[in-house]
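Participant: Same order as they appear, the protein sequences are chains A and B.
Residues in the first sequence are numbered consecutively from 24, following the working numbering.
Residues in the second sequence are numbered consecutively from 24, following the working numbering.
Just so you know, these hints were derived from the structure itself, not from any lab.
Treat the hints with caution; some may be incorrect.
It does not matter which identical chain is meant; a pair holds if it fits inside one copy or across any two.
Said to hold, decoys possible - Here are the computed lysine-lysine pairs in the DSS-like style, where the Cα-Cα straight-line distance is at most 27 angstroms:
1. K122 x K216
2. K216 x K201
3. K194 x K216
4. K340 x K216
5. K269 x K201
6. K87 x K42
7. K216 x K119
8. K270 x K340
9. K201 x K331
2 protein chains.
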Amino acid sequence: VNIDEIPTPALVVDLDLCKSNIAQMAAALPGPSLRPHVKAHKCTALARLQRGAGHPGFTCATIKEAEGLFDAGLGDDLFIANEVVDARRIGDLVQKGAKVMLAVDSEATIEAAASGGVEEVIIDVDVGMPRCGCDEDDAARLADLARSLGLRVEGVMGYEGHAVHIRDLPKRNDEVQKSAYALLRAHDLVGGKIVSGGGTGSYNLNSVVTEVQAGSYVLMDGDYGTMALPFDQALLVHTTVISVHKKGWAVADAGTKAIYGTPHIVEGGDVMFSSDEHLAFVPEHPVRVGDRLHVIPGQLDPTIALHKGMWVARGTKVVERWQVDLSGW
Amino acid sequence: VNIDEIPTPALVVDLDLCKSNIAQMAAALPGPSLRPHVKAHKCTALARLQRGAGHPGFTCATIKEAEGLFDAGLGDDLFIANEVVDARRIGDLVQKGAKVMLAVDSEATIEAAASGGVEEVIIDVDVGMPRCGCDEDDAARLADLARSLGLRVEGVMGYEGHAVHIRDLPKRNDEVQKSAYALLRAHDLVGGKIVSGGGTGSYNLNSVVTEVQAGSYVLMDGDYGTMALPFDQALLVHTTVISVHKKGWAVADAGTKAIYGTPHIVEGGDVMFSSDEHLAFVPEHPVRVGDRLHVIPGQLDPTIALHKGMWVARGTKVVERWQVDLSGW
């Protein structure tokens, strides 16, 4: 099948670019020094390519992602880098033979881990982004509590999400270093072999972590695309022009249910607005009804979560279809 | 099952409020004077309730929605109120016995309809929103072209999407009337028995249409909730507090993959930001890890498109689970 024959709107992965991103990252962060975050793509086929590049473990944001990876035979080194209040489904996975570490940042989440059958936890530390993560001063106390409940404390994590999208590299680096040293201080108090953190925007800046949790590098998006990172845009939303108005605007069939964040039209054009199934824009060059356009989504992760699958292409030829099989909760 | 035992994040429909919204609208616009838009909920179970309230037809935004309604036995009066470039899947539906009218606004979409096996079209007219729809002056010519290709022209549609969200009622009414009269002028030139348009924000203002395409009224959202419409918020996103920081913020487990548009926390609280799986906020009243919170999503339609199903509750009791079975394309 030629890529221009698939129904639109559709996610299309350029397999060669995707593999080159994976190889590039595996060269920079080989083996266990990268723990790819599957929330970016929610796709076991892609996780398998990352495993094939030598990374033994995965980072998850949801229990569903961990369950899906286990079902796909990729559940031997998982880390759910997020807090949960009911850990029983994780306990079930551990019973079945999965290895799943869980982030905790409070008495309540530690107790949920212990009572739910989790065996290994990582203390999540606030390193400057106002989201999950305990205060640095509480890390040691929480680690002690976890150990007293029979949990193995494998280390610390801290995500510098406030820093990874800063475009100015020296500023980004400053913020990443501040976070990294906060995480190191917490690790000194907590112990364990793992210091986990970082993302695509800090993969080569955060040198204190033992493993980087990057995910977006594998396909990239508009936000990361402005940051001079050595990864190529390997995913596009293919869309079809369905209406051209004589007053100068046109409409393509990829709206807010197909693209999350600001759409960037590769062929050029100023976006007017997006509605559910429409992208209204003023084209840079004349377009006709039926033309195919290619859009870089502003944000990769929630864009993929809107789709059931991705077409995989080499050049103009469809070579595979990947299911987005890790979405939901 | 008690509603507080379902895993979060989750869509929860209050069945009584939902049925009351449906009854309220059916009283205002009985039978064929409402053609409920299923893009709002993408759920055949809900479409069945709307059919039960006396509305014989449905509006769709995608071919997938029409296919799903047909498979559910609800395909005897469908209108795809959107342009398509490849109509063959619609032709297949018609072959199987579905009645499907299709919007067209150009030579290309009319030719696609004819060659794809569509039998009935509606001329889509620009009534002031810069999206699909032909110029008023072109409506007659396009109707002639369609008839010359053997298509039945059933009438006109025009969606006043630029007007339906105006909060000031007199201003909204003015804009709706301007659009309505543009649509009437086009109808005079085109002919046919259908004049289709309107939405939840103009359901009682647009008196020229023979059928209103409202959809959001059935569940409502934050945007429409500010407009003093006589419909209740019948859908909430249930979420669980997973982290409480001593500096004053807290985090719930419903991020951009669960809620589209600005989240409004029913229990009170200022939203700081949403990330993939997190809603960071400053609670109005103290919260604890494990507390359940209830969120009104800013925009209903794309919020539902992020979920696979909805829990249906009466009071605190789960009575049903509805699949979001019309999503995708």
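Participant: Decide, hint by hint, whether the structure agrees.
Facilitator: Now the hints, each set against the structure:
1. K122 x K216: within (16 angstroms within a copy, 64 angstroms between copies)
2. K216 x K201: Intra 21 angstroms, inter 68 angstroms, cutoff 27 angstroms: intra-copy only.
3. K194 x K216: Neither, since 29 angstroms and 64 angstroms both go past 27 angstroms.
4. K340 x K216: The answer is neither: 45 angstroms in one copy and 46 angstroms across copies each exceed 27 angstroms.
5. K269 x K201: Result: close only across copies, 20 angstroms inter versus 54 angstroms intra.
6. K87 x K42: For K87 and K42, only the intra-copy Cα distance (25 angstroms) is at most 27 angstroms; the inter-copy one is 32 angstroms.
7. K216 x K119: within (25 angstroms within a copy, 63 angstroms between copies)
8. K270 x K340: Result: close neither inside a copy nor across copies, 36 angstroms intra and 53 angstroms inter.
9. K201 x K331: neither (39 angstroms within a copy, 40 angstroms between copies)
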